[in-house]
Structures are given as C-alpha cells and as structure tokens.
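Asker: Protein sequences, first through last, are from chains E and P.
Using the numbering used here, the first residue of the first sequence is number 1, and each one after it goes up by one.
Using the numbering used here, the first residue of the second sequence is number 1001, and each one after it goes up by one.
Keep in mind that a hint or two might mislead.
[Claimed, not checked] Label pairs and their computed distance ranges (CB to CB):
#, chain 1, residue 1, chain 2, residue 2, range
1, E, T13, P, Q1219, 25 to 31 Å
2, P, R1134, E, T22, 55 to 61 Å
3, P, G1044, E, T22, 50 to 56 Å
4, E, M205, P, E1249, 49 to 55 Å
Hint data in this document are derived by calculation from the structure and do not stem from the laboratory.
Beta carbons are placed, not taken as given, at the ideal position from N, Cα and C, and that holds for glycine.
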Amino acid sequence: MSGLAMQALAEETPLLSVSGLTRFYGARVGCEDVGFDLYPGEVMGIVGESGSGKSTLLSCLAGHLETDAGKVVYNGQDVLTLAEPARRRLMRTDWAFVHQHARDGLRMNVSAGGNVGERLMAGGARHYGTIRQTAEDWLERVEIDPGRIDDRPSAFSGGMQQRLQIARGLVTGPRLVLMDEPTGGLDVSVQARLLDLLRGLVRRMGLSVVIVTHDIGVVRLLADRLMVMRHGRVVEHGLTDRVLDDPQHAYTQLLVNSVLPT
Amino acid sequence: MSDYNFAYLDEPTKKMIRRAILKGLAVPGYQVPFASREMPMPYGWGTGGVQVTAACLTPEDTLKVIDQGADDTTNAVSIRSFFAKVAGVATTTRTREASLIQTRHRIPETPLRSDQILVYQVPIPEPLRFLEPRETETRRMHALEEYGLMHVKLYEDIARHGAIATSYAYPALVNGRHVFDPSPIPRFDNPKLESPAIQLFGAGREQRIYALPPFTRVQSLDFEDHPFEASKADGACALCGATQTYLDEIVADDQGTRRFQCSDTDYCMERRA
C-alpha cells in the first residue's frame, strides 16, 4: 500500500468517537444518548438554546463532569475509564479546553508568559529561555504584542484575554480542542477578529475542534459539521451548510429562522 | 514537674505524633496530617515544632533551640526554658552537644551528625499554596506529581526580577517524588538538607508533619539556564571574620552604618573562642 493510501485510510478512523453519552442531574436530563464521530482536522459545531445540554456534553467530554453512561473513545482508548493521571496528562498535552470566560481558563495573577508557559513546564520544559521564546511566538500568533509578555491578564481587554487563553491551550500542539462559547460576551468586531484568528489556527494546525455555541454565525464560519441539540438530545446533525440551508427538524427551522437578517 | 506528664503532652498524644513522624519518614516529603494540640503558646511561635520535639524527647536528651540561628532570642529562650521545666532535660547552646535541636528558619552551620535530630517549625507546609488556594487541588497535584505550577512561580520570578528571587522557603524535590517547602530557611541552607541527621518538620496550625530521613536526596528546583544558587550576602562576619556562613545585616548606628554578623551565634562564638 502506498504512503498516500495509508494516510487516506488513517484519516478515515475518527479521532474522537462518542457514543451513548448520558448525564442526569438527579431526575432531570443533562444530555442523553449523544453520539458522534470527529475526524482529524474536522470542526464540529454544537448549537442549541440555553439548557439544551450542549455545555453539559462538553463538560462530560472534558472530564469536568462525571458521566452516567456512554463512551468517549480517543485514539482507541475510552477516556472516561482512563486512570486519572493519564487522563489529566492527556488533557494538558493532546487536548485543550477554551472556556467561555477567559478568567476560568487563565491564571489571573500570573503574567501572560507564565500562562502560556504553564503547560510546557507541566510537560517537563526546564529551560527558561526556550519557554519564554515559545511564549513570545505564541503571543504573536494570537495577535498580542509580545512586549506585553510580562503583563498580567487582568491588564488585558476581554478579547485579548480570550486570545491569551487560546495561546495557553494551543502551545503544546494539541490535536483536539474543546471550546465553550469562545466568542460569548465579546462585542461584534472583537468576535469577528477572534473567529478569523481561530479559523486560521484551526486550518494551519489541522486541529479537530468541538465548538459549542448558540451563535449560528459562528458555526457557519467555523464548523464543517453541525449538531443541533434540544432537551439533552441530538435532534439533527449533518454538514453545516446542509443543516442551515435545509433544516429538517422543526426546532432547527425555528433556530435558523430566528437569526436576525444582516 | 509532677504537675505535667514528661514533656508536657500526654502519652496517647505523643504516640499519635510519633505515628505521624514514622509515616513521614517512610514517605519522605509527604505531608502527614495529624491532630495538632493546643499548646501554651500562640500559633506562629512554633507549636508544630514543639509538639514534634515533645514526642521525640527522652530524659537523656540534650536540647538546643535556635531562632534565625540565634540561641538568645525570645522564641528560642522561651521554648528552651519550657522544655527545661516540663521535661527536665538538659539544655545547651552548643550544636555539637545537642542530641535534639529545634529550629526556626535556619540549619546550624556546624555539620550535623547521625545521632542528632533537627526539628523545624513550619508556618505554611504547602509549597503550592500561594499558587493554588484549594487544598483538595494541591493534594491531588501531589498525588499525581503535577508540579509544573511550581516552575511557573520560578518563571514569574525570573520574568519580573531577572533571576530567581525566592530567597527563603525555596521549594525542593525530595527523593525524586514530592515537592516540599523546607520551612522559611534561607536558600543558602538548602544544600544542607541532605544530611546525616534526621530532619522533622512540624506545622501546628496547619496540622501537618513531614520528614527527611538521613541522606535523602533533596534537589532544589531550578531552570537549566537559571540554575539554583545557594546565595548569601557578600561580606564577612564583623565578629569572627567568617565569609562562608550565612550573614545577618545589622544597622549599627543612627548614621545607617551597616555590618554583617553570623546568623548562627553558636558557630560564631565557637570560632572566636
């Protein structure tokens, strides 16, 4: 078999394979029987109204929440049954999580450079000069002036904080990024700039992304495929353009129609 | 003397503390929780160290107590007279003659021997505390050996001051496993942590005991391009002329004249004798 064919075959195995994922909050449903495959380099959008279970789903994937049933298979391993040291190592090397509020994902009392360098140092980097150089490179890549490397995130604007959070996550070259409403709470022009940046990084680094949002505009711009959730269940999924241009489920039709015309 | 049990604490308490000490010695650098007792002194005066000392003392022991290297400060004098009273043990100011030394913030300059015990008073035993306020999280970090955060602190030091500015309570990796806080000793003393003596650490308010068995490997954390340095003030003792000891800087008069003096008073006196 030629190298190219091997590669094509490798690309057919999903990077992340979720099946039957279920989480209850007491008697209430958080999310129920959610399943999807995510292929290398693919961006998957999850949309739905507040309380539809999309954030619950993401928290379960990231291991922030206990799962009641289901499997999350990454690289042939069920992440949910992984021993904690191995799972946490995975989370800070191969995976990254972008919180809606940057202050949840950043250390606010540590300089920007320290924030970006933390995952490197956790991975055993012990050369100050190299760590600092890498941090500077990454600040530049997320369009933050490297001269502000020693400023604390509290001195940054909301958009900069969000970009710093992304740099902090991506510095170890992860393969999978989970994003929870990364553009929430930012004004429209800053949102646009952030989306532009994200799209560039995703394409250049070949990242696989699961992005949760309630903003149809965000998924249209970023996502290859789309999953629509309601009451904790997936009601529709497919290619983004297909779902948005030809919604089948009544709720998706409502969602698409409720977007203000631009 | 007959009003107190030997060394103030009752026997079951001493037994409980000894169990914690043994566990600490078995897992070097691991912080063992223990049921710290109220002592007749305020927190911050060495309640943890005093309890460890009380649990280790035998009637044959000779006790030395130092505070910042000195035998004659309030803290050292009161703890020494406390044990002279409630345990009736012999006391000394000579490092060589002591079988048990309780210390605050210093390791004696005179090399310790294998028949000596050094007891430290510890204010905050958790080296990760100022970076991660949650106890549940720091315990998990110790359990999983996730010490990257400790280097973030050193990174911040270099970024802000151009060099590692942590000059006391300098974190170190014990036996290749646990990162620990050697109590607020100057980093000058860190290399002396690898010692033939048994070293015990007691934190009364925080209710933790940890230990270093003799000759345990203790590596001070650093970066490859900013290696650990056991620094001291550049000068010589005005009394004994020593240049290799840890020095206190003293303002000598109203004109602001400064001079240096050995922080270890016993060592200084021995050199002058």
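Asker: Against each hint, give a clear statement of whether it holds in the structure.
Answerer: Okay, the hints, checked on the actual structure:
About 43 Å separates the C-beta atoms of E/T13 and P/Q1219, a value inconsistent with the hinted range of 25 to 31 Å. Against the hinted window of 55 to 61 Å, the Cβ-Cβ separation of P/R1134 and E/T22 comes to about 29 Å, which falls outside the hint. The hint said 50 to 56 Å for the Cβ distance between P/G1044 and E/T22, and at roughly 51 Å that hint holds. A C-beta distance of roughly 53 Å is found between E/M205 and P/E1249, which places it inside the suggested range of 49 to 55 Å.
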